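Visitor: So the chains spell out like this:
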Amino acid sequence: MSTEAGTGTPEVASEAAAPPAAAVPPAGRPLRLRPKNVDVYAIWPVAVMIVIIAFTSTQSSHYLTVFNFENILSQIAPLGIVTMGQAILLVSAGLDLSVGYNIAFSSIVTGLLLEHGYPLGIAIAAGVAAATGVGFVNGVLAAQNRAHPFIITLGMSIFLFGLDTQLTGGAPVNDMRGLYTAFGGSLPSGPPFFGLPSLTIPLLVVVIVAYALLRWTPLGRRAYAIGGNEEAAYLSGIRVKRTKIYLYTLMGLLVGLTGMVLAGEINEASFNLAQNFELESIACAVIGGTALFGGRGGALRSLQGVALWGVVQNAIVFEGLSSNYQQMALGLIIVVAVMITRAQR
Amino acid sequence: MTSPASGVTVPGMEAIVSRSALLQIEGVGKRFPGVQALDDVSLSIEAGEVHGLVGQNGAGKSTLVKCVSGVHPPDEGRIVFDGEAITTYTPKHAYDLGIAVVHQRTQLLPWLSVAENVLLGQMPAVKGLLINRREANELTRDLLARFKLDIDPETPVARLATPERQQVAIAKALFRRAKLLILDEPTAALDAERIERLFTLIEDLKREGVAVLYVSHHLEEVFRLADRITVLRDGKVVATRPARELSQTEVVTLMAGRRLEAIAGAGARQAGNGQAAVLEIDHVATGVLHDVHFSVHKGEVVGVTGVIGAGGHDIARVLFGLDKPRSGRVLLAGEPFSPRGPKQAIDRGLFMVPEDPSGQGLIPVLSVATNITLVDLPAITRLGVLALGREKQIARRFVERLKIATGSVDTAVRNLSGGTQQKVLVAKALQAQAQVLVLQEPTQGVDVHTKAEIHRIIRDLASEGKAVIVISTDIHDLLQFVDRVVALRGGRIVENVPAQDTSYAQILDVTVGAVAARAS
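If you read the protein sequences in the order shown, they are chains A and B. Counting from 1, one number per residue, gives the positions in the first sequence under my numbering. Counting from 1001, one number per residue, gives the positions in the second sequence under my numbering.
No wet-lab data here; the hints were simulated from the structure. Bear in mind that the values here come from a model prediction, so they are computed numbers and not experimental data. The reader is advised that the hints may include incorrect statements.
[As the list claims (entries may be wrong)] Below 20 Å or equal to it, Euclidean Cα-Cα: the simulated EDC-like pairs (lysine to aspartate or glutamate) are:
(1) B/K1324 with B/D1347
(2) B/K1324 with A/E231
(3) A/K241 with B/D1323
(4) B/K1298 with B/E1464
(5) B/K1148 with B/E1193
(6) B/K1206 with B/E1220
(7) B/K1343 with A/E231
(8) B/K1179 with B/E1280
(9) B/K1298 with B/D1323
(10) B/K1206 with B/D1234
(11) B/K1343 with B/D1291
(12) A/K241 with B/D1347
(13) A/K241 with B/D1204
(14) B/K1148 with B/E1203
(15) A/K241 with A/E231
(16) A/K241 with A/E230
(17) B/K1343 with A/E230
Take these sequences, add in the hints, and give me the full structure.
Guide: Here you go:
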């Protein structure tokens, strides 16, 4: 874990130094650690994580094992995927509170189709399309600027809760068939996968896509511009409405993916599949330093938030404390994180 | 340029130790990381005096105002107010002592009424409990009457226009019986008529014994009002002298030190006659505009002026697709032009620079490079991917060409001064590759030298063949660099003349009418 954090550092630091047009090391020069450019504000979650890992490893001999870290990884992977979408929305000064029940919605659509004997491909496509459609609707509504996305997506969330329970009658679908085969297990042991949980692959892909989108694409640039100053963005010739619809639809797509991954992992589709994901994904992005009011933040920073979240939860279990302490610790971290982000400005 | 700057240090020293001084600043120094913002600054202001404070951007004017108003405690020296040395530096304490500051952007509570803002914390109450609304409204109305400002005291401040808000802020200061009123660029958002009213008010206050510290880039205003003028440069006082002993040229020399450049005469003015009209505004009418008709040629700079609300900004809105004309039409290069929004206007080759750089023009948290290239993302996109190297290259070229004072193109725009932000905005306008540029208030709140540079940049654009419309309420400023002036009044064109055939007095006269064009 510590080596992972080490290689992550230089990118994270430069991202924070001047988002988003940050200094990527010029082409041709090797990526290397330049202490001058390391921004403490950007990497504090990694530092805190290292301290927690070091401390907990003295408490239990089972802690510092490959198995345990694989366990953490598979726990945070679904949340990590949604957090990437949430980070992109937050950068544009939007947010999505409907992700929890939308994840459930996509899993239920897929689960019910599988139950009725539809082929896996069709079931997955329908589930992902359902969530993407919800994202599109969120985007169209948010683009009107008649109501804050907080209210729009909260309304959507309540609507979906009703729809989810209606569709399943409250009882979960308990057999996800091929999905479970795909995401319930581990990758082959030995290089290049080393038996990592199979969820690692979608997480990795989404992180790379989110990072590239925010930093290297016109769409990402438009998201930063809208989040930084919507009126100025509009007066610069950016099609604000269209961009918002794209971003919320993309969020819907990521939600659909999360729905598949999560339902496959635990072999279940139900309305409470992803409870609290909306708040946890916002919290993780914010812990990583993505601003709630737009214009600042990034994929890698938000990923740090997810990692810290996972490590803290896991460490509290290892300390033999009740899960109530997880909630207390996470609550504290969120507040401290926002204060640190504020101090930075 | 009569005396070298170093030779004129504080000849008014006798005046500074005068006994009746209301405010005495003695050897004040203030350091910020990397900058000595104020260095051994001494000056005094007497009751009933209007004291002009001038200096270029970054000379330390704002820092000095902040020290006096309790925002920053000075690192060295002391400030004596009304005979007592200030020991507690908080804005509230300063206010309680009788020091009131009216900022460029006033700090009022938008959702409270005018009366509540003016009387904040001191509302007249029945038996100390219930607010006596009628009395509050009357008190407020009386205060506002001094500006000839007729607004309902119950109107929420959010509904007022900027100049009205500023007047409410002054009324608030008056209500607190301020002994020292600090006005920071008070005319930046005012039209000629309101400026006149403000000046009358200042003269009244002066007679009542209120001291006024008048901070402004507009030397003609300072000369009109001030009894004494203090010039700051690089955090030091370079002169405090009675206004009648100084000329504007001398003050400019003092402000600039050795860096003086010509401030007027921004180049020969060749009107674009003979060239075809690039932009034709053909009898356009909106809710505000009536039968507006004029054209702009290739290589021509047209200044559009008028009091606030006369319609200048409405023309800009129509051109940029933000408003639809009710009747009439616009022709761009001979073709009908009715964009549905900024995106289409930009695609057709017209770009508008908004009035307020940090509010509408730029994205404060993003870097200089990002802001400049935002308007033309395809220029830095290769196969759907942003070429960040190319982006910086473009930005660096503008930084060099326009002399944008920024450490790096990665610096966030909000860390730059107002004048520098204006230049970033100009760079963005250039990057938009527009044939027609509509600039709104491009020199607002900018020091004389940046102003001269912006004038020169605009002239350069015209000589490259662009058609430029500059919309500004600053007539003086416009006359220095435009080819033609279009004057508006109540949404109608009242004058359309070549700049060399008109004068400040004439334009002021046609735009505000009854208000005589006094003093230049």
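Visitor: Of all the hints given earlier, name the ones this structure violates by number, lowest first.
Guide: 8, 9, 10, 11, 13
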